[in-house]
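**Student:** Spelled out from the first residue to the last, the chains are:
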Amino acid sequence: MLSQQLVNAIVLGSMYALIAVGFTLYFGMLNLINLAHGAIYMIGPFVALSVYKLGVGLDLPPLMLVMLMAAVAVVVSGAIGVGVERVAVKPLRRAPPIVFLITSVAVYLVLEEAVLIFYPDGANPQVFPDPFKLQSFTLGSTVIGYVQVFLIAVALVAIVSLHFVITRTELGRAIRAVTADATGAQMMGIDVDRTVSRTFFIGSGLAAIGGILEGMNFGSIMFNMGFIAAIKGFTAAVIGGLGNVYGALAGGYILGLIEVLTSGYLPQGTAYKNVITFGLLILCLVFRPTGILSRSTR
Amino acid sequence: MNDMSGVQGQARTFTANDDADIPRYVSVVAAAVFLVVLFAIAIIGLRITQTALILSYAAGLVVLGIGWYFLVKRFPVISQALMRERTLLTAGTLACAIAYPFFATDPYQIHVMALGGIFALMGLGLNVTIGFAGLADFGYIAYYAIGAYASALFNVKLGLPFWLCLPLAGLVAACLSLLVAFPALRVKGHYLALVTLGFSFIVIQMITNLEKITGGTQGVFGIRAPNLFGYEFHTPLKLGTVTLPYQANFYYLVLLMLVLSAIVCSRLGRSRWGRVWAAMRNDEVATEAAGINLMKLKLLAFGTGASFGGIAGSLYAHMIGYIDPTTFRFIESIFLLAVVAVGNWRITGVIAAAVLFTVLPEKLRVFNEWRLFIFGFILLGVMLARGRRMISSRY
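Protein chains in written order, with the working numbering: chain A, 1478 to 1775; chain B, 55 to 449.
Excised from the complex, chain B in its bound form:
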């Protein structure tokens, strides 16, 4: 019944779009202007560092946001035009992301954006488990840690190149996630949350304690950066007359992985698996009654989600070159859940939320110890304002 009304609602908005009656070139120009303005705002926001400037920038953002809200309310045609040019907007955003390192002044900012991309990669993976399949995974950081350590150890101890470590890390994370997936088959909801949380505790404590293999609290160092046909990732990137700092290499690598993952996720959501996962999320009993093997589906959801985390961990390990157990904090799993929820269980939303979640605390660094305090308030405000309208998944 619910699904029916949803489909009809969508159909109606599509007709409304066609009725909007604005020429194609107008909407294309509108989308382009929108994108350029947004990109400029983002670049300015990333560049400023002084406290006073950041405060006035935030105030400006609030004013702009309120203005935009009333503008769209008064002229709904604007949002219709933008909705029609979704594909163009996505492509444009990607172009902006590619262009970003050329506009950045500080190599550290590029590094932060790369970290944001890695966080987004994890968010996409968690979205597969909780958003697609509705399985509450509270210990996602475990797969990230497993991937990072697997990749680092393959690289340092066995001397495997990064390009082999990356898929191996994903594979190892997926396989080890089955350790928690099997017990998780029997529990639901909050109990599943606790099982996965406990699993992440176990993984991180094992990493800390197995000093012979993982180096314990000392961590693993000397993880080599990727090397592409003799091109070292730790050398500045020369493109014609422009020289980008070496952080840009990693930035583009992360961006590439993120784009691939986004494509995989969107295909996955519409695939046979994705549809059966949605069915399972909505009603397990009915799905099982329809002759579908729930066990296989749940294992698949855990494994697929975890492999994204493993790949993200591998990227992190090779980017930083050093990992230790303190890198992987339990609260990050909860932050990831927040990213997925704030991103409204959508691929673009999750990526945007993940980048915001990385950049915002970095920007708030000028407030020193007030940083997380302000961040907490912002998160609280967002949840109170949007919480009731968020999609209610099974968990």
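Pulled out of the complex, with its shape left as it was, chain A reads as follows:
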């Protein structure tokens, strides 16, 4: 029973972690909350589904098809993320945070409604395909779907490559420098605009993977799935301390664990899931006002 819950928690936590990374990256660089990130999270699986519908006739091996879906979704979502940065973030670089927050809500509305209008039958939930045909295996008493193993593996790959990009590449160094001090980074010859733009690509791509994870795990996607995901992702980022990438990843898994355990073990836990999650969160913030995992108070 517990191991079953743990598997669920890891899958759920992976989604939250992947969307939280974007929130924390943008916050660290530009001190803003980007709710449009939720719309990008939602667009990812919709793009993947379109690719699936086009590619299913080509008789590709399932794994290759899934890879193709993910790759196209990441690129398209990343491009949309970069576009959002160009249109809505850059002109407001010096504006107070709340102005940007509201702008991002406007962008969110436009993107969400665009999917609702332009996607065929977009108003209804869309069935998301499971490439593994719902097969599962038993480990002890735990039933694990192949899709769950696959999802956890994908999340791991995404997280490891993120770690690699941030610690080992030129871009990662630039990201860390801009996060620490944008003006100083600029003086050292780092192209801040380009770094921000690429960060939006990375964040959006990871969010798209998170969205695909949600689609595969629950078997359906809908145009309005982005808002609640954005709230959860923001929560995970705050748990980890805004601006801290590894904190956001950990925050995502902590949030997933809390949710799964409360709905699994408390009486009426499912009904009160959000109450308990947010109640705990508020309590934690009261004792650690700058995030639970943040090292120093800024």
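Since the hints were made in silico from the structure, they are not lab data. Treat the hints with care, since some could be wrong.
Not the full set, but computed from the structure, chain B residues with beta-carbon under 8 Å of chain A [to be verified]:
no.	residue
1	V249
2	I256
3	M437
Think of the CB as a built atom: it goes at the ideal place given N, C-alpha and C, for glycine as much as any other residue.
Following the hints, complete the assembly by docking chain B onto the known chain A.
**Tutor:** Coordinates of chain B only, in the frame set by chain A:
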């Protein structure tokens, strides 16, 4: 330093006004003409329903707006005259608002305007928390929901009349807001935003789950309309020879509450509380060093802001007669923030923005599913055009 230059700037504009050298009666006539034209435009806009007409109306508005911009740029004396007659313009706007139901053809339009007034009431309340005190409240919808449910339950279960439910709803919302205000004392900025957002999640899920009290997803129905000395609000309003639809009763009730709230807000902004809130918004440490109890101030800001939301909720519940948890969506809190920001943290601005935010989506209804898409674009355009010039409050 900043404040100093602000005061000097204001002083200079006042002298410029006196130098404008136009006789008083000219500016009064100009203001009256301006108001009448604006009212006519608004009435026409509210009446038209066909897609083609709305499109050409919008195009006309854009042309008029551009024309007005260049006219004022060429003859700054016009805006000076209008600025001098601010009081007259405010009174005139109120008169127009009172006259509005007589010009409306569709009872539903009056209903929408009443909803706009309720939204404006919430905007004013949120403006107290975020505009005056600088506390980022992202879960304002929670107080609205609390007020609506408190009022509905007092009315349905205890049989209290509306006139008692209304202040009680405000009181309950203010008291329950302290639940979030206490944890919020320790967090700032984005973290405060998350705490309040989480609080609104908790409130709405509690309302959904506590079926014994709130009726759960079934909602509460049979909330009685107000009754004033035997006069039922659900009967058409007869004024001499004119009969207005019953929606006008609620419209006037909301208008009355809105005017009272606007007066309270403007007094509040200039009161001792308002000044200390402004100090806290600008610099918490300096304010505390000046011997001011920040805790008390923050609790006051939350409570005052929430009481407006509670009253708005009560008005809504008694106007519609039925509430359920789906009425209260989280995105509304964000829309309210947008209203306050677009209204530039000013009382008149917030009211105008709130009415626009209610009427615009209703007008866009002819575009069916394109409605929110277009609304999002308009909001994006407004924010991109005006965003950089908006007042930077603490949050």
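**Student:** For each hint, tell me whether it holds in the structure or not.
**Tutor:** Here is what the structure says about each hint:
no., hint, in the structure
1, V249, "holds (5 Å)"
2, I256, "holds (5 Å)"
3, M437, "holds (4 Å)"
In summary, the structure agrees with every hint in the numbered list given earlier.
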